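Chemist: The lines below spell out each chain.
Number of protein chains: 2
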Amino acid sequence: MVPVSTLKAGSVGSVETRHVDLPDPVRLDCGRELRSVRVAYETYGTLSPQRDNVILVCHALSGDAHAAGFSAVQPDASTRDGFGAEDRDGAAGGALGWWDGMIGPGKAFDTDRFFVVSTNLLGGCRGTTGPSSIDPATGEPYGPDFPVITVADMVRTERAFLDALGIERLAAVAGGSLGGMQALEWAILYPGQVDSIVVIASTHALHPQGMAWNAIAREAILRDPAWQEGRYYGTGRSPDAGMGVARMVGHITYLSAPALHDKFGRRLQFADDIRYTITEPEFEVENYLRHQADSFVKRFDANTYLTMSRALTYFDLARQYGDGSLTRALESVSARTLLIAFSSDWLYPPAGSQEIHDALRALGSPSELHVIDAPYGHDCFLLEEERQTPIVHGFLARG
Amino acid sequence: MVPVSTLKAGSVGSVETRHVDLPDPVRLDCGRELRSVRVAYETYGTLSPQRDNVILVCHALSGDAHAAGFSAVQPDASTRDGFGAEDRDGAAGGALGWWDGMIGPGKAFDTDRFFVVSTNLLGGCRGTTGPSSIDPATGEPYGPDFPVITVADMVRTERAFLDALGIERLAAVAGGSLGGMQALEWAILYPGQVDSIVVIASTHALHPQGMAWNAIAREAILRDPAWQEGRYYGTGRSPDAGMGVARMVGHITYLSAPALHDKFGRRLQFADDIRYTITEPEFEVENYLRHQADSFVKRFDANTYLTMSRALTYFDLARQYGDGSLTRALESVSARTLLIAFSSDWLYPPAGSQEIHDALRALGSPSELHVIDAPYGHDCFLLEEERQTPIVHGFLARG
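In order, the protein sequence lines correspond to chains A and B. Residues in the first sequence are numbered consecutively from 1, following the UniProt record's numbering. Residues in the second sequence are numbered consecutively from 1, following the UniProt record's numbering.
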């Protein structure tokens, strides 16, 4: 049931997603508070008696709590983005966690040493309270009444969740993309409680082109009549058409142009010739996009997509904490910082990591930046495990 | 009524779009033929008695026949893409042609010397026969029954149109983007009838990422229920939602990330703070995208968008004429070739022009390549008139 090759590499094995109900409401940046928040989570490894070996792993826009090992209950669910998803989810047995290559015995986040905790984010649709959850005040799904949340709200929820688990300090907070934003936000919001952060393929603020792609993806959903102003639950209709387009836009921004060239080129679906059709895919890349859209809408909630996309677009440390200055925003950071960026990542280009690194160094705060020369674009953070592993391993060993 | 500054620069003045009905059917690559084809066109300058000073200018995906001067009849129509559009269309008087900066007395395409002809492409929605035209066989708009056409079909229509005007030879065929594809196709289909081609911000075959963006734009339209399988004419509904998303995708691919950064940065719509909304624009770039979408759907037909996008995705000289080899495809070219590309154009990157240049040189065919270092992305071909002018001017003078 479990692929042998992965077991050899050091798997955490079969895991189940569990849930915690937070005892107190979560206070949000928008001024509202959320009651009865449930958090879905998984853990890998063993908590030390001193409770000093905890690493919190944070997922990106479309991830979930299932970061490592084999899901015992959802054999068909794919939670991995990018090319890697296809290559791995066909494995026998349950679905592999989205960062399985990085979490396990002897891996970058070594479960022989660390107790790794992964949660589904606030606003999510995979077990943690989000727009598709029941609003206890009405007995109906929140839908568009779910509050507009920020990355800081996600982090406050993670803090409350760890409190519920009896965990005070974190050896590290780690994540890629939106996950890296959470790590940065942790270092600012809870400076005394985080020893180190691992920020991969991320930024202190998305650049305007990235904001535009996110806006277009949201527009595709908002303009789908089946979205029904966000109240589509239980109607028998959901904005799959718009979600599909949103996913296609996202997917292409996660890859590099050379990666698409290498994988598909201009190959036709039917090698003989074009068939003169506008409604059907003619090229392999067109077919691939449809496939990506179709599989995504089966596993993801449109209102959660809107919520996550809005939060990561808002994220801007200089605006939030520095009165426009990134350096000022990072003044309170005491955690050691590891930044990893990828040369071909044009959605979260290395420049963003460089700016964080420069600001931290100017403040005398310990920071390490590695730009990995790799061709797959933003998805590198999910695919380039072999080259990230020694960097992360070494960084954590020095902690 | 006419802006003084533009008159000073040498304007062709007020122009009207005229129409020609082709006497014969147009034979298409798909095997069908189109009867009763009408072509919308404009001309600037004076035809020489020898009829040897004709330049055919070809427009891009969303253009029309109105390439230069002031439209006498459509004061509000904007046919320019990109930032330039906004800056110019507010001028008093009729709308300025989409390449007015390049066509006129003393300009790149100098109407003191040349007789410049511009047509709306086959499949268009601005006067030339396209999906929104009446099918003479049914008395109803073609809609989805309009044939799936190629760039070669557009060029054959242009050839037939020039025949109707009594023009046999062309001093040049010129265009940017899809317009440049037509110029290349002209040089291959009618090698003895074209003295030179001017191919700007174009390619011999769109790269896979560009194919993906086009596919996503088409998906946004196809998935809009108001598209109604293409039969939306006269129903009171049209796929404006999907077209808006298609336009947003296109628009961002026409610009560079640095250009977006310089123009919008992360500026909020309301400078005080975020307002916690998912459905309304929070950032200037988000508002700009909505504005672009809204103005585009007022002037453009969705089925024409699908048709143009499909044709430019099919375009692939090596596949069409070279059995996979670009050099073989270009063997018959006898026209002098001028290629201009822009450093920041990531939709039609300079590499595509370089490949054409290398192939022509290998064949001993005269070719000139200029890569202009400019920051605005693909839209440079509409905006960087000052730097293109001496290049085009010099190239045509040597003819």
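What the hints contain is simulated information worked out from the structure, not anything from laboratory work. Do not rely on the hints blindly, as some may be mistaken.
Intra- or inter-copy, both count: the list cannot distinguish identical chains.
[To be verified] Here are the simulated DMTMM-like pairs of lysine to aspartate or glutamate, each with C-alpha atoms no more than 25 angstroms apart in a straight line: (1) K263 - D323; (2) K263 - E355; (3) K263 - E385; (4) K298 - D373; (5) K263 - E368; (6) K298 - E386.
In this text the structure is predicted, and so the values were computed from the model without any measurement.
Chemist: Compare the structure with each hint and give your call.
Modeler: Tested hints:
1. Taking identical chains as interchangeable, the C-alpha atoms of K263 and D323 lie at most 25 angstroms apart only when they sit on different chains, with a minimum of 21 angstroms there against 44 angstroms within one chain.
2. In this assembly of identical chains, the alpha carbons of K263 and E355 lie at most 25 angstroms apart only when taken from different copies (21 angstroms versus 32 angstroms within one copy).
3. For a Cα distance limit of 25 angstroms, the shortest separation of K263 from E385 inside one copy, 20 angstroms, qualifies, whereas the shortest one across copies, 37 angstroms, does not.
4. For the identical chains of this complex, K298 and D373 are neighbours neither inside a copy (34 angstroms) nor across copies (45 angstroms), given an alpha-carbon limit of 25 angstroms.
5. Neither within a single protomer nor between protomers do K263 and E368 lie at most 25 angstroms apart by alpha-carbon distance, with minima of 33 angstroms and 32 angstroms respectively.
6. Taking CA atoms no more than 25 angstroms apart as the test, K298 paired with E386 passes in neither setting, with 31 angstroms inside one copy and 51 angstroms between copies.
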